[in-house]
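*Asks:* Each chain is listed here by its residues.
There are 2 protein chains.
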Amino acid sequence: MEQVKVFLDESEIPRQWYNILADMPSPMSPPLHPGTGQPVGPDDLAPVFPMNLIEQEVSSERWIDIPEEVLEKYLLWRPTPLYRARNFEKLLDAPVQIYYKNEGVSPPGSHKPNTAVPQAYYNKAFGIERLSTETGAGQWGSALSMACQMFGLECRVFMVRVSYEQKPYRRLMMMTWGANCIPSPSNLTEAGRKILADDPDSPGSLGIAISEAIEDAVADEKARYSLGSVLNHVLLHQTIVGLEAQKQLEKIGVYPDVVLGCAGGGSNFGGICLPYVRDKVHGKDISIVAAEPTSCPTMTRGPFAYDFGDTARTTPLLPMHTLGHDFVPAPIHAGGLRYHGMAPIISHLVKEEIIEARAFDQMETFSAGIQWARTEGFISAPETNHAIAAVVQEAQRAKEEGKEKVILFNWSGHGLVDLAAYDAFMTEKLTHYELPEEEMKRALTCIEGLPCP
Amino acid sequence: MEQVKVFLDESEIPRQWYNILADMPSPMSPPLHPGTGQPVGPDDLAPVFPMNLIEQEVSSERWIDIPEEVLEKYLLWRPTPLYRARNFEKLLDAPVQIYYKNEGVSPPGSHKPNTAVPQAYYNKAFGIERLSTETGAGQWGSALSMACQMFGLECRVFMVRVSYEQKPYRRLMMMTWGANCIPSPSNLTEAGRKILADDPDSPGSLGIAISEAIEDAVADEKARYSLGSVLNHVLLHQTIVGLEAQKQLEKIGVYPDVVLGCAGGGSNFGGICLPYVRDKVHGKDISIVAAEPTSCPTMTRGPFAYDFGDTARTTPLLPMHTLGHDFVPAPIHAGGLRYHGMAPIISHLVKEEIIEARAFDQMETFSAGIQWARTEGFISAPETNHAIAAVVQEAQRAKEEGKEKVILFNWSGHGLVDLAAYDAFMTEKLTHYELPEEEMKRALTCIEGLPCP
Chain A
42 MEQVKVFLDE
52 SEIPRQWYNI
62 LADMPSPMSP
72 PLHPGTGQPV
82 GPDDLAPVFP
92 MNLIEQEVSS
102 ERWIDIPEEV
112 LEKYLLWRPT
122 PLYRARNFEK
132 LLDAPVQIYY
142 KNEGVSPPGS
152 HKPNTAVPQA
162 YYNKAFGIER
172 LSTETGAGQW
182 GSALSMACQM
192 FGLECRVFMV
202 RVSYEQKPYR
212 RLMMMTWGAN
222 CIPSPSNLTE
232 AGRKILADDP
242 DSPGSLGIAI
252 SEAIEDAVAD
262 EKARYSLGSV
272 LNHVLLHQTI
282 VGLEAQKQLE
292 KIGVYPDVVL
302 GCAGGGSNFG
312 GICLPYVRDK
322 VHGKDISIVA
332 AEPTSCPTMT
342 RGPFAYDFGD
352 TARTTPLLPM
362 HTLGHDFVPA
372 PIHAGGLRYH
382 GMAPIISHLV
392 KEEIIEARAF
402 DQMETFSAGI
412 QWARTEGFIS
422 APETNHAIAA
432 VVQEAQRAKE
442 EGKEKVILFN
452 WSGHGLVDLA
462 AYDAFMTEKL
472 THYELPEEEM
482 KRALTCIEGL
492 PCP
Chain B
42 MEQVKVFLDE
52 SEIPRQWYNI
62 LADMPSPMSP
72 PLHPGTGQPV
82 GPDDLAPVFP
92 MNLIEQEVSS
102 ERWIDIPEEV
112 LEKYLLWRPT
122 PLYRARNFEK
132 LLDAPVQIYY
142 KNEGVSPPGS
152 HKPNTAVPQA
162 YYNKAFGIER
172 LSTETGAGQW
182 GSALSMACQM
192 FGLECRVFMV
202 RVSYEQKPYR
212 RLMMMTWGAN
222 CIPSPSNLTE
232 AGRKILADDP
242 DSPGSLGIAI
252 SEAIEDAVAD
262 EKARYSLGSV
272 LNHVLLHQTI
282 VGLEAQKQLE
292 KIGVYPDVVL
302 GCAGGGSNFG
312 GICLPYVRDK
322 VHGKDISIVA
332 AEPTSCPTMT
342 RGPFAYDFGD
352 TARTTPLLPM
362 HTLGHDFVPA
372 PIHAGGLRYH
382 GMAPIISHLV
392 KEEIIEARAF
402 DQMETFSAGI
412 QWARTEGFIS
422 APETNHAIAA
432 VVQEAQRAKE
442 EGKEKVILFN
452 WSGHGLVDLA
462 AYDAFMTEKL
472 THYELPEEEM
482 KRALTCIEGL
492 PCP
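These protein sequences, in sequence, are chains A and B. Per our numbering, the first sequence starts with residue 42, numbered consecutively. Per our numbering, the second sequence starts with residue 42, numbered consecutively.
Next comes chain A alone, as it looks inside the complex:
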């Protein structure tokens, strides 16, 4: 019987998160205040985030202790198992070993609680009573709902209206965990009312929902805003994934040649790769690959520029790969990969050529996902299928080159409540889709005149 899974005992769970800012090969450009053009300071962010999280956001300490209360909740599903995908390897028939972290074992079924739990904890510790956030397909909203329930916080989730109506299951998870889920655009905020005045049937977008959630949080001094990706502290919390993977691979004496993940805002990808970026910065020969959709090719085709995180231009300007804050992506089924921007940390590492980005077409990703389900059993989230498509590509290259390779990737979540997307693929309702050049250019006009990083 060949080994399939590597467990860590609970006593072996990492006690600290890893902060890549301590090992960046070159300084990152700071977020800017859009009014003054000056770097934003902690005080600028204080109405939006609690000060303890702001301190984490700007910290350059290499290791940051995970509070006991957070570890206690992590233990509900962590450490997650590291798998070897032996059945998928056989199917690919290439000289590769494929390992993956199974983040689908968490209660909502994705990696998102890794940061939802500490964010709820730090807000509670700072005296905050309510969190406000936005969600697209619902992965983030459901994770934060659970975390708020665990720490006795109220939770309000602005959910993109089209998803609210078409994807009831994650909305029902939020209800089960006691949160208040509101279709966005809503009448609760100025930002929402403005959109509804123009278009009462607006399907909403992630950018609009972010604007609503921030406005809602800032208006109430006992409330704060919470973001599920993009920011430094979010990626910091997610490094528990890569740190566990390193311990697990060490147990079986393996070191990867390639580390992979899908990237929307960059959090699950950052989680698996940043501890390996550290090794690479210190001289290790390792390839680190981010997989994004051809319909939202932020890193592969978007410029590295200063841009807003939301449509209403309420956030600080972030230095990142972007398609422009006005960008409205095609309705592909990987909701988590439809964001116009990318985490500044990941963007900076792409610019520095430490991370390589590749884009995959949705047809290719579902085809890889179905092969995966039929060999490994688990049905992946559509987002995760982008990582699997990248694994297939790496395996083919290894075969062509006749080189042995060890691949590690983050299986960021299961797709059991995303099966309508599989249905669309299997009944041939999906097509190849590449973002047209003129559409991208049009979207990018909105960042003209903004400062350059």
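In case anyone wonders, no lab produced these hints; they're calculated from the structure. Check the hints yourself; a few may be wrong.
Said to hold, decoys possible - With a Cα cut of at most 27 Å, we get these calculated DSS-like pairs of lysine-lysine:
1. B/Lys440 - B/Lys131
2. A/Lys46 - A/Lys288
3. B/Lys440 - A/Lys46
4. B/Lys440 - B/Lys321
5. A/Lys165 - B/Lys131
6. B/Lys131 - B/Lys46
7. A/Lys292 - B/Lys46
8. B/Lys440 - B/Lys325
9. B/Lys263 - B/Lys235
10. B/Lys46 - A/Lys288
11. A/Lys321 - A/Lys444
12. B/Lys470 - A/Lys292
13. A/Lys292 - B/Lys292
14. A/Lys208 - B/Lys470
15. A/Lys208 - A/Lys235
16. B/Lys321 - A/Lys288
17. B/Lys165 - B/Lys288
18. A/Lys446 - A/Lys288
19. A/Lys288 - B/Lys292
20. B/Lys165 - A/Lys131
21. B/Lys392 - B/Lys482
22. A/Lys46 - B/Lys392
23. A/Lys46 - B/Lys46
Unchecked claim - Derived list of chain B stretches under chain A, where covered just means 3 residues or more per stretch with a C-beta under 8 Å from a C-beta of chain A:
24. 43-51
25. 144-152
26. 216-229
Idealized CB from N, CA, C, for every residue including glycine.
Based on these hints, arrange chain B on the given structure of chain A.
*Replies:* Below, chain B without anything else, positioned relative to chain A:
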């Protein structure tokens, strides 16, 4: 940091299933041929099941080796973690320790693959090319679809039409795993056509779907039928759950006072409890409790009698607790607990007073399930909530009696694709429901004149 989970290494996975027939305190009545009234022999069953599974069905060997090929597939999700529900314990504030097996980590999210995988394996080994089965809510159909795909068998699933239409997600799982899922009643079988002639809009029932699947399998000599619960060999395969739990509890020096599970056909309950029934038969003081719905109170109110497993009276007569093969249960949301009968092994042990059965109202079960989700994180299948309601009852008793108790139960699956049922509960569309006496009596008239066990 207090321990939450107990893992087993893959090398510690049990290599044999446990067969309770070797330790039964009194002989069980045999299944009868409905025509002759004589015990059915292996040859009678040969058109329905492959001979290697028929041998398991009648075996009285105490330990049966798990084939290497089955173990290899089990490792995709087994051994499953044993959890201590510390957060739920705190909420209940009673002198109890609560442990549970998390069977929700399997690819389809329930305990069903524990028998689907060996059934597919044994059929393949016997030269069978196609399996036919039925499914209600889809837990079983999805598990068998995955297992057939793993061993290269075709799979045809007759799914109760009302579920086929209202619960698309498990149907889509079956498609993703390559199976052919057909709404029942269908035009593919005589049994289906007969029902449709009377009522073209028939919503179907599990009894009808079983008749269709058996007819479909028997008509094709390269096909066989597969059942996801009730039979001896199914419960045998599920004992891996209880055997793992015993090893895990032994590691932390704990022995349970109460073992619990929800029971529809009896397979997840048999899986957790039969290794403990063995201990009880040999003198151990332990209480073993089956939780069923008040809407389908097979063990608590149905007689122990000979009855058919299906509506069309095509199966052998089984000695079991039953509400009559014509029984049409109220549409409660725990599809897996709506069967009119109960596994003969479990029925016999209830008759012998080794197992105690208790019925729970759906309101009580959802209320327990929501408390669970808000403390332990995981959202349970509606079936599993019956076990949680029984845990709450045991905790209350322990508190009243001032007695410390260790409770072990089978968390048989997650409810992420059953959230419509939670929605109905949270929006107050569900009510208390107890099966009316006259309805039960009417249903039981169909077994008058059948032999008595």
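*Asks:* Taking the hints in turn, state whether each one holds.
*Replies:* Hint check results:
1. B/Lys440 - B/Lys131: holds (13 Å)
2. A/Lys46 - A/Lys288: Given that 27 Å is the threshold and the Cα spacing comes to 13 Å, the pair holds.
3. B/Lys440 - A/Lys46: Judged against 27 Å, a Cα distance of about 40 Å means the pair is violated.
4. B/Lys440 - B/Lys321: holds (24 Å)
5. A/Lys165 - B/Lys131: holds (20 Å)
6. B/Lys131 - B/Lys46: holds (17 Å)
7. A/Lys292 - B/Lys46: Holds: A/Lys292 and B/Lys46 sit about 20 Å apart, inside 27 Å.
8. B/Lys440 - B/Lys325: With Cα atoms ~23 Å apart, B/Lys440 and B/Lys325 stay inside 27 Å; holds.
9. B/Lys263 - B/Lys235: The given pair, whose Cα atoms are some 25 Å apart, holds under the 27 Å limit.
10. B/Lys46 - A/Lys288: holds (19 Å)
11. A/Lys321 - A/Lys444: Since the Cα atoms of A/Lys321 and A/Lys444 sit roughly 20 Å apart, the hinted pair holds (cutoff 27 Å).
12. B/Lys470 - A/Lys292: violated (52 Å)
13. A/Lys292 - B/Lys292: holds (22 Å)
14. A/Lys208 - B/Lys470: Roughly 21 Å between the alpha carbons, so the hint for A/Lys208 and B/Lys470 holds.
15. A/Lys208 - A/Lys235: holds (25 Å)
16. B/Lys321 - A/Lys288: Roughly 42 Å separates the two Cα atoms, so the pair is violated.
17. B/Lys165 - B/Lys288: Status violated; Cα separation ~31 Å.
18. A/Lys446 - A/Lys288: Distance ~19 Å between A/Lys446 and A/Lys288 Cα, so the pair holds.
19. A/Lys288 - B/Lys292: holds (23 Å)
20. B/Lys165 - A/Lys131: The hint holds at about 20 Å.
21. B/Lys392 - B/Lys482: holds (20 Å)
22. A/Lys46 - B/Lys392: This hinted pair is violated, its Cα atoms lying about 42 Å apart.
23. A/Lys46 - B/Lys46: holds (16 Å)
24. 43-51: holds (count 7)
25. 144-152: holds (count 4)
26. 216-229: holds (count 4)
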